[in-house]
Amino acid sequence: MTGKKFDYFIKGEKGNWEVIIGLEVHAQVLSKSKLFSSSPTKFGAEPNSQVSLVDCAFPGMLPVINQFCIEQSVKTGLGLKAKINLDSVFDRKNYFYADLPQGYQISQYKNPIVGEGEVILDMSYGTRKIGIERLHLEQDAGKSIHDMDPDNTFVDLNRSGVALMEIVSKPDLRSPDEVNAYIRKLRSIMRYLETCDGNMQEGSLRADVNVSVRKVGEKKFGTRCEIKNVNSIKFMQMAIEYEARRQVELLEDNKQIDQETRLYDTKKNTTRSMRSKEDAHDYRYFPDPDLLPLNLKQSLIDKLKKKLPELPDEKKERFIKEHNLSYYEANILVSEKEISNYYEEVIKGCDKKLASNWITGELFAVLNKKNLSISQSPVSAKNLSTLIKMIISGKISGKIAKDVFEKMQDNDKDPQQIVDKEGLTQESNPKEIEKIISQALSKNKDKVTQYKSGKEKLFGYFVGEVMKISKGKANPQLVNEILKVKLK
Amino acid sequence: MLIDKDTVKHIAKLARISLDEKKINNLSKDLSSIMEFIEKLNELNTEKTVPLTSIINASLRSRKDEVSDEKIRDQILKNSPEKNEEFFVVPKVIE
Amino acid sequence: MSNISDFTLTKLVAGIKKKDFTSQEVTESFISSSEKSKKLNTYITQCFDKAINTAKNFDKKKDYKGLLAGVPIAVKDLFCTKNVKTTAGSKILHNFVPTYESTVTNNLWSEGSFLLGKLNCDEFAMGSSNETSFFGNVTNPFGDKLVPGGSSGGSASAVAANLTPATIGTDTGGSIRQPASFTGTVGLKPTYGRCSRWGIVAFASSLDQAGPMTKNVEDCALLLQAMSGYDSKDSTSVDRKVDNYSSKLTEKVKGLKIGIPKEYRVENMPNEIDKLWKRGIDYLKDAGAVIKNISLPHTKYALPTYYIVAPAEASSNLARYDGVKYGHRSKGNNLFEMYENTRSEGFGDEVKRRILIGTYVLSSGYYDAYYLKAQKVRQLIKNDFDKAFNDIDAILTPSTPSAAFKMGDKKDDPVSMYLNDIFTVPINLAGLPAISVPAGYDKNDLPLGLQLIGKAFDEQTILNLSLAIEKRANFKIKLKAWWS
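Chains as they are written, first to last, in my numbering: chain A, 207 to 694; chain B, 20 to 114; chain C, 2 to 485.
No wet-lab data here; the hints were simulated from the structure.
It is possible that some hints are incorrect.
Cut-off 16 angstroms, straight-line C-alpha distance, at most; resulting in silico cross-link-like pairs (EDC-like, lysine to aspartate or glutamate) [claimed, not checked]: (1) B:Lys42 x C:Asp145; (2) B:Lys41 x C:Asp350; (3) C:Lys83 x B:Asp93; (4) C:Lys234 x B:Asp39; (5) A:Lys248 x A:Asp403; (6) A:Lys349 x B:Glu105; (7) B:Lys111 x C:Asp145; (8) B:Lys48 x C:Asp145; (9) B:Lys28 x C:Glu338; (10) C:Lys407 x C:Asp145; (11) B:Lys102 x A:Asp355; (12) A:Lys316 x C:Asp369; (13) B:Lys48 x C:Asp350; (14) C:Lys301 x B:Glu58; (15) C:Lys377 x B:Glu85; (16) A:Lys238 x B:Asp88.
A short list of chain C residues far from chain B (calculated; beta carbon distances all over 10 angstroms) [claimed, not checked]: (17) Lys51; (18) Ala70; (19) Gly137; (20) Val243; (21) Leu250; (22) Glu252; (23) Leu257; (24) Asn269; (25) Lys286.
Selected chain A positions facing chain B (Cβ under 7 angstroms, derived; list incomplete) [said to hold, decoys possible]: (26) Ser239; (27) Ser244; (28) Val270; (29) Asp488; (30) Ser532.
Glycine included, each C-beta is placed from N, C-alpha and C at the ideal position.
Can you make the complete structure from the sequences, with help from the hints?
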């Protein structure tokens, strides 16, 4: 943590404006089959090949809920430190669209499965607690394809009925940076829980953004607009920035903001009103009579709670306390499940601080350079662990280790083999080192004289010479000790 | 009239049913008489009554997360009034 | 020997088993009477060729294990039947051929029965006279210009006119019991959750229930047994063992306590109905039952409640008929025009009325005043029954406030049409089982039925009581086949 202060405001002609943001995140539940039918949920299947009679709303078809999806949403709720509602209700949200075969979406309106919770963000200016309003389960719609034919729209129902968790935040976010941190944190939590893969490209994680502005110091919220159609964090941030400025301009011109849904245009970086559509919307929610109320047993929740994996916040705390890592390091290591898994694999039987240094230093540098994620790392956790152990045991020097690490990146080579094959084992026998030192000193008699007459800076030069002769294998600590004695 | 012509038009739009003037007139009359009949419920004070949530005294049953209905596109598309080999086809959506 | 098609379902099953006649002979007999019944307009789709083939195959294999072995049955055209057109009496589904079979019909076929045809009904089961069907009125065999009741009107007429040995219908507010009463047949609406709704074109999900329609009580018990059962594909189906209604059927009802609700004595009720009701009381007294006066105070609110709940659910259930996936599609320049034209041309007037009422009561600002209010009153109505059933075993009421009426009489006055279901609707709202059993005739020789209402899942008791009434009323269908 640094001493930075929060400073995201929209600077208007009449002063600074605060931006108030709330998110509705739609996260696809990781499950084999859909929420109310047994068709598969795999991404990228042929059009309409993952559609059951239920998903296509044939006459007389009825929904039957997927137990795993219920448990996934409870787990997510627990991960958000949220209240799990033992009684919840599925409602129908009625509207017509080509990719909504039932003419209604089964969702949860008044009684969601998960109530209030929270997400903690680590910002450069401190931690921020973002409130979660609710999480509910609902069906996804199909896909309308408008660009394959000039006169017609094509409909693919593969997604129709896939389970989504809608996670609604409180209007607690204050900047595009916080939105970025929030989505990443939420995604990370769900990936730790294995309840959502968080893949934004494939649409497993989408968000609608509610934006309003108010004068700094003002308590009352302004009128908000909802921005739809933002499918990457970058676009979300741009849309918020644009929308906030638009609202500030309107307000400073003494104009009103209409509460409405707006569409973000990624090409023009603007938002535009979708009001024409909104007018006709009256969703006529009512409890789905094909389903009974959902009653969860406390015992199920307790069971799921027990099986919950360690989540990033707790992990971070543990890494700081028990592994003596800095706050900064711990934060990086827990930021993604794959990173913390990697780290925890590396530290098996080896120094934690050193492991952390290697991962956040050498390894991340390589990954960044090659634009790889940790799961694509050219060096496996096991081999990195072996390498670090060799440093600790004194078998190789830190310097040699860096060379070995370089070589390991080729096909995840075993560091042990590299060291053995190339004879890179560190020389730690004092007698052998003494011999090398003698060699080095006899080659540089003039410099020894200079040193002895007070030019002590030359000490480093001698060390370098020794290392050169030993091809870097001499144990630097021993070299230092013995050299000091020899030069007296 | 409990349900005037504008209301008929509004709900017909929500329900996606097009109506001509004559139908709207008739419906306004019919629906009003039905609603008048329904208004009888206002005699009852139900402030403290808990609404019925389900006629069955049971909790929702669930199924296992197993895949069964796969690759039945022929069946799915069979009855569609307009389709191609892969998709349902509908007139262009105007936004 | 009388005509095979006069026989009851039970006799047909026994006769086939005893080889008194073959399945083919039975099937041919019903096909022959059906073919002569065009005036009644009971069928939407006939599956006669296929039925004959199935019968022939049956006769070759002779597997008598099933409860309905070798007997063909025509069903209401609301049950989805695999590869057989299923219309729900609507233009919007006039060309729909399901690729699946409803659970209930499948249960019948598992018991050795097979499909004879699909029977006419009010469009989406919305109607009390069978006048809302896209495929035209059904005529009541009791009179040329008489309605058969609705919505299972085609089913009721077909049983009364011996066009099918028995049938199954659906009942959302009286759609089995009212037409049964109008045609001198027996019709039972089971407890909500007793029969699967999977594969039945939905009208109002929380009220719909399939049930048997037969010539007598014995058949009714048999068919109910065959069609009932738990179905994991229907979340509202109840996992409870099906009773052996047939073997347990008995007219020994001595000591059973029968409630007579004073609220069912409605204004302007014809004297004949009142007399019928009294006669029913006498029959049951004679059988040793104990009569008790009871009160169901919220009865008068049942119809208004029903006309909120049922249209609300229907407005949503019928949203799927949009011209995209199946059924009728009208032209339109864009998606929204296509929707509006399809639904305007595809639905008839009564269906439109109900969709609009349902849309209205759910719309923004009206939900609490109408839908929520109705669900509260529905709870009160259910409480009335729960309370009453603490002291009694069943309730006896008339099935309908009148005998069959003339076509066109109520067609233009929806509310007077709705009033026909005044005695049947409360039972659907409470999810209870009820049966209509013919008990006499009015002055015009039109049949009249009595309704017995039971506790949840106690279909056996109302079947037994109906049998006791049937035996004493000695009701016989007096019909010449004027239509053939």
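Evaluation of the provided hints:
no.: 1; hint: B:Lys42 x C:Asp145; result: violated, 31 angstroms
no.: 2; hint: B:Lys41 x C:Asp350; result: holds, 12 angstroms
no.: 3; hint: C:Lys83 x B:Asp93; result: holds, 15 angstroms
no.: 4; hint: C:Lys234 x B:Asp39; result: violated, 41 angstroms
no.: 5; hint: A:Lys248 x A:Asp403; result: holds, 12 angstroms
no.: 6; hint: A:Lys349 x B:Glu105; result: holds, 13 angstroms
no.: 7; hint: B:Lys111 x C:Asp145; result: violated, 49 angstroms
no.: 8; hint: B:Lys48 x C:Asp145; result: violated, 31 angstroms
no.: 9; hint: B:Lys28 x C:Glu338; result: holds, 15 angstroms
no.: 10; hint: C:Lys407 x C:Asp145; result: holds, 9 angstroms
no.: 11; hint: B:Lys102 x A:Asp355; result: holds, 13 angstroms
no.: 12; hint: A:Lys316 x C:Asp369; result: holds, 13 angstroms
no.: 13; hint: B:Lys48 x C:Asp350; result: holds, 13 angstroms
no.: 14; hint: C:Lys301 x B:Glu58; result: holds, 12 angstroms
no.: 15; hint: C:Lys377 x B:Glu85; result: violated, 38 angstroms
no.: 16; hint: A:Lys238 x B:Asp88; result: holds, 12 angstroms
no.: 17; hint: Lys51; result: holds, 20 angstroms
no.: 18; hint: Ala70; result: holds, 31 angstroms
no.: 19; hint: Gly137; result: holds, 21 angstroms
no.: 20; hint: Val243; result: holds, 17 angstroms
no.: 21; hint: Leu250; result: holds, 26 angstroms
no.: 22; hint: Glu252; result: holds, 31 angstroms
no.: 23; hint: Leu257; result: holds, 24 angstroms
no.: 24; hint: Asn269; result: holds, 16 angstroms
no.: 25; hint: Lys286; result: holds, 32 angstroms
no.: 26; hint: Ser239; result: holds, 5 angstroms
no.: 27; hint: Ser244; result: holds, 4 angstroms
no.: 28; hint: Val270; result: holds, 5 angstroms
no.: 29; hint: Asp488; result: holds, 6 angstroms
no.: 30; hint: Ser532; result: violated, 42 angstroms
Going through the hint list in order, the structure does not satisfy hints 1, 4, 7, 8, 15 and 30.
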